[in-house]
Amino acid sequence: MNSTNGYWSMCIEEIQKSLESAKKNNINVKSIVVINPGNPTGQVLSIDNMKKIVEFCDKNNLVILADEVYQDNVYMANKKFTSFRKVIKEMGTETELFSFQSLSKGFYGECGIRGGYMELMNIDKEVKEQILKLASIMLCSSTLGQIAMELVLNPPSPDMPSFPIFIKEKTEILSALKRKALLMHDLLNNMDNITCNYVEGAMYAMPCVKLSQKACDAAKNAGLSPDKFYVIKALEETGIILVPGSGFGQRPGTFHFRITVLSPEESFRELLLSFKGFNDNFHKQYRD
1 MNSTNGYWSM CIEEIQKSLE SAKKNNINVK SIVVINPGNP TGQVLSIDNM
51 KKIVEFCDKN NLVILADEVY QDNVYMANKK FTSFRKVIKE MGTETELFSF
101 QSLSKGFYGE CGIRGGYMEL MNIDKEVKEQ ILKLASIMLC SSTLGQIAME
151 LVLNPPSPDM PSFPIFIKEK TEILSALKRK ALLMHDLLNN MDNITCNYVE
201 GAMYAMPCVK LSQKACDAAK NAGLSPDKFY VIKALEETGI ILVPGSGFGQ
251 RPGTFHFRIT VLSPEESFRE LLLSFKGFND NFHKQYRD
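According to UniProt numbering, the sequence shown is numbered sequentially starting from 1.
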């Protein structure tokens, strides 16, 4: 992903470099995983981005594994979720696609119920038969999970008594996530040595933090990467769990961390201010 003018964007040239690097290491790449809206960056792919990915996969004979579990989590007015299924159908290609949806995300967030589905498009008949065979010999999901997934796929309609409260609760949940996403963007960008792109969707931001040579040396002495050293210090001092950017991949010489918008709204500002206090003290302690 590229970071430009406060936004993340997909770079097909970087994907090409990754493919070439894999081939040089004798890795036979069969597929590409695309998370949209994104984890860890919180971006929402444009249709143009998606078309380029489809063309890239057609050219290199790759299957698309589309993780679309955050499709309801879009917070920017100028952004809209579009499925890869729709893009492929409109392009008229035979691109092979596996797409995924889950109960664990969206505005429902029912992680414990364990429900979801996988949809296949343009997949060879024999492959589909083997997947069906595998599914047939496994235990099915719980009855509760199946019922919940049915409700996600077929929510209350305007003619149903539950429709008003459904819309009210859905709107409240998504509006709270949007407010927290905007608040996090604004507060993080006012912290020393941190820049944060807009959180367009999903549940995450991946800010960039500038770390001094003194901090990098301390991390090396501790046997840690600089970003991991930073997030462990944050955990020890604030109790806030962050994920180092090195766990996802980042440009050499840059350091990032993933942070979520999932904490309760009533305490979210205080949580971010607690993190600001840690960040201020960290950079004072490790100033070159």
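The hints are simulated quantities; they were obtained by calculation from the structure and are not laboratory data. Hints may be right or wrong, so weigh each one.
Unchecked claim - Straight-line alpha carbon distances no greater than 27 Å define the calculated DSSO-like cross-link-like pairs of lysine-lysine that follow:
(1) LYS284 x LYS214
(2) LYS125 x LYS210
(3) LYS52 x LYS89
(4) LYS210 x LYS17
(5) LYS125 x LYS80
(6) LYS210 x LYS80
(7) LYS86 x LYS170
(8) LYS17 x LYS30
(9) LYS228 x LYS214
(10) LYS210 x LYS220
(11) LYS128 x LYS59
(12) LYS79 x LYS89
(13) LYS30 x LYS125
(14) LYS220 x LYS79
(15) LYS86 x LYS125
(16) LYS79 x LYS52
Verification of the supplied hints:
1. Our distance criterion of 27 Å between C-alpha atoms is met by LYS284 and LYS214, whose separation comes to about 11 Å.
2. For a cut-off of 27 Å, the pair hint linking LYS125 to LYS210 is broken: about 51 Å separates their Cα positions.
3. Among the hinted pairs, LYS52 with LYS89 is consistent with the structure: their alpha-carbon atoms are about 14 Å apart, no more than 27 Å.
4. Under the criterion of a C-alpha separation no larger than 27 Å, the hint pairing LYS210 with LYS17 is consistent with the structure, at around 26 Å.
5. Taking the CA atoms of LYS125 and LYS80, the gap is near 33 Å; set against the 27 Å cutoff, the hint is violated.
6. For the given pair, LYS210 sits about 32 Å from LYS80 by alpha-carbon distance, which is inconsistent with the 27 Å threshold.
7. Between LYS86 and LYS170 the CA atoms are separated by roughly 24 Å; this keeps the pair inside 27 Å, and the hint holds.
8. Using a Cα cut-off of 27 Å, the hinted pair LYS17 and LYS30 holds, with the two alpha carbons roughly 16 Å apart.
9. Between LYS228 and LYS214 the CA atoms are separated by roughly 15 Å; this keeps the pair inside 27 Å, and the hint holds.
10. Only pairs whose Cα atoms come within 27 Å are accepted, and LYS210 paired with LYS220 is accepted, the gap being roughly 16 Å.
11. Of the supplied pair hints, the one linking LYS128 and LYS59 holds, its CA atoms being roughly 23 Å apart against a limit of 27 Å.
12. Taking the CA atoms of LYS79 and LYS89, the gap is near 21 Å; set against the 27 Å cutoff, the hint holds.
13. Of the pairs offered as hints, the one joining LYS30 and LYS125 holds, with about 18 Å between alpha carbons and a cut-off of 27 Å not exceeded.
14. Our distance criterion of 27 Å between C-alpha atoms is broken by LYS220 and LYS79, whose separation comes to about 41 Å.
15. Taken as a hint, the LYS86 and LYS125 pair is honoured in the structure, with Cα atoms around 21 Å apart against an allowance of 27 Å.
16. For the given pair, LYS79 sits about 18 Å from LYS52 by alpha-carbon distance, which is consistent with the 27 Å threshold.
In this structure, the earlier hints numbered 2, 5, 6 and 14 are contradicted, and the remaining ones agree with it.
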